[in-house]
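**Q** Chain by chain, the residues run as shown.
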Amino acid sequence: MRNTISTQSLFELSSPGRRAARFPENDLPDVALDSLIPAKTLAATPPQLPELAEGDVVRHFVNLSTKNMCVDTHFYPLGSCTMKYNPKRHERLARLHGIGDLHPYQRPENSQGMLEMLFELQEMLGEIAGLPAVSLQPAAGAQGEFAALLTAAAYFRDRGEKRTKVLFPSSAHGTNPASAAIAGFECVQLNRSKSGFVDLDELRANVDGSTAVFMITNPNTLGLFERQIAEIAQIVHDVGGLVYIDGANMNAILGITRPGDFGGDMMHYNVHKTFTGPHGAGGPGAGPIAVRSFLADYLPGPIVTKDAAGSFQLSTPAKSVGRVRTFFGNVGILMRGYFYLRTLGAQGLRDVSEHALLNANYLKARLKDVLPVPNGEHCMHEFVASAKSLKDQRGITALDLCKRLLDYGFHAPTVYFPLVVPEALMIEPTETESKETLDAFVDALKKIVTEDSDLLHAAPHTTPVRRPDEVSAAKNPILKWSACTKD
Amino acid sequence: MAYLYSNPEQQQEMLRAIGVPSMSTLLQQVPDELQLKRPLDLPRPLQELELEQHVKRLAGRNRADRVCFLGGGAYDHYVPAVVDEVTGRGEFYTAYTPYQPEASQGSLQAFFEFQSLICALTGMDVSNASLYEGGTAVSEAVFMTMRVTGRHGKVAISEAIHPEYRQIIETYLRDHGTEIVSLPIQDGKTDVSAAAGLVDDQCSCVVFQHPNVFGCLEDTSELSELAHKHGSMSVVSFDPISLGLLQRPADYGADIAVAEGQSLGIPLQYGGPYLGILACRQEFVRKMPGRLITQTTDRDGRVCYALGLQTREQHIRRDKATSNICTNQGLLALRATVYLSLLGPQGIREAAELSLRKAHYAAQQLCQIPGIELMFSTPFFKEFTLKVTGRSVSSVIEAAAQTGFDIGPELSRFPKIPSVAQDGILLAVTESRTRDEIDGLVAALTE
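Chains as they are written, first to last, in this note's numbering: chain A, 9 to 495; chain B, 845 to 1291.
Any given hint might turn out to be false.
With a straight-line Cα cutoff of 27 Å, these simulated DSSO-like cross-link-like pairs (lysine-lysine) come out [what the hints assert, rightly or not]:
#1 B:K1260 - A:K173
#2 B:K1073 - A:K48
#3 B:K1260 - B:K1231
#4 B:K1164 - A:K173
Hints listed in this document are in silico derivations from the structure and should not be mistaken for laboratory results.
With the rest of the complex left out, here is chain A (with noise of 0.2 Å):
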């Protein structure tokens, strides 16, 4: 049934002459374009681009869109990424007139319903997160880190304190040590764990004067929430230090407890995360920040603000560290969290999170003999399985797990991350799934662990390629198509 004629590359499928969109007849009187433009400014020859037809586009891109798995196809249990439903209103909502065709320099008194529901964003993010100054700007979680890390460079440059280091934990997403490095910061890794748990001992032995800030997801990467967490603010607070929280796992604690109750001093959001985005195949998401009244004045601009006169403007923060992009933010994504915001409500968040508790806690629990979770008796809307043991016995590795679970019509969970569990398995259900789903995805599981290792090597078997070579594609990597890469 498939169809393997209109997946050919586009430039395969070029016919010279061949034409999809025209645009009108120049309604202009016709002049020589060298009387417009100096002729040593035009190209020889336009860009050699494929030429097709409009139905050739349409089937190519159609049936590439059967050869990926998505939310709304599959569960999707991909481990830190919050793959939840996303919601079909928002995407009607986002393209309204004077929503998805408002260009961004519309002043402010030709803009004033956008600029409200932005308002209106930034103030409820603030309540959620218990740090009330909030920027809307970063385009996603890696440029809010970046963005707030900056902002404490800036305040603590106001006090005239010298702060050089930022700290995480080993089991740190990424982007936290990426985004300090670029920031300019030095970057000091905790390594130590106790239980999946920041070691107290360590980190007390690590931040002195030079401490600007410490980073920590918060439920943390293997799912668990920090109990300590108060006493490592304390601890940070102590030396002078400021508290960021990564807002990857914010899913977790809608409504049960906030950033800015336990310690946090700064955080982002990933609106394409907890309030479903969607995903896009890789973005866009949106990372807006949220920080103590203390470091409003820094934060980057332009944000929304209502004068007294009960209209909104668009201005930047007395000492901020300036633009993280061009124009306002990624407002297609942020009205999309604004529309899921309005219509949860308080209690409908609260019903999120706790909703991705049970499924995962269920899941956890049903999967318990089959993947053994090592750290925590319970955990939040995650956890980390490790197929250590399947491995040791019989050479299943937790990559065969994944591959065979597509076979089986389930996107894979996330694998070896994090580092700090031997042949991870990260597991995210989201509140979005029902009893049933949960169901079938452990039987999957369950039969799988009883079949022949080989058939899980040599994994899977039924999508439109298996194990693509990625070691061979790094050492003489194609990156673009040419008459010779052809098949």
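Assemble the complex: chain A is given as a structure, and chain B must be docked to it using the hints.
**A** Below, chain B without anything else, positioned relative to chain A:
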């Protein structure tokens, strides 16, 4: 409750399987003293119908109804219906980063095609799979030139790049102690002879925009030559539509070509999400930021696609990564891929040529009005800068708006550009504008 499944009986069953009496046992993972003891203070929930009514009411307070001559880095180019239809498929927009290549060949091939199309468009050897947007793409390119050249102390940036791009570069470089050398403007473009006295062997790059923030064309070859004379890299921020007509970045010696890709089928949506494009010469590929998709073969020898050269990236290299970017702009890269597939070589040429012709017609007609003239005599592409005398810029904007036209942004909306008066106003004209609309604008501004 919206989007949830389990009923109370099922919840009890699930709690029993977990081995806890109630939800509160699970919640006790959060120490009691840290738990929020009140409901969040949020507006009441809205059903779908109410939400739509609410949002429509607010959307109605945004003026997107007037004929758009707004520019400044975001443009009202036409978006064919196929772009919306194809990218509106859940198979694309509800998937994530293709970590499992077997389950993501659709996205992976599309992104590989994106890279291929960007190379065809720019003449560059290699393109990544997208960055956030045009401004951060320039910053990422600047960092990249430092990695390639080993020169971390100094960068040379034209004053005629988008002032917000410059602000972003300043933000990104602030805590690195890197000096930013500003290359001054003469008659709306970078002053190459003045620049020659400012660029030296310590600069990692010369950065310019073509067409620049005023819409004017730069002396691209001269600026690239100046960079290369000092062992620096030539970085250009280009307008993708302009490449239907104008020389490609590779033609004039650019080492890195970056762009805001919004013009390629992406709606305006108040500034984002848009698309950052970054392409470069082959020799720099391992210093590139962001994701790259490679073509490879699978176990059965079939051609397929996978994430490539990941050892540059944050999830492996951590603080030594070439960038901190993780989630990029996949869906927007897909929009650009579909858009360029639809236009082809002739379509992009038509879009470019119509934009150019209409912009020049508009400029010519507007300049017939007493008190309105071009601020610069340098050739421009689809956007130009007007200078108004005898009345204020805001009164001109207001006069246009009253009759149903949006023009701008005025230069005073940007941070001050040295040596350029702030009383200028930008106007952009795309293929979407008709002669009647242009004539209507001219009439509106004729006193």
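**Q** Any of the earlier hints contradicted here, and which numbers?
**A** Violated hint: only 1; rest satisfied.
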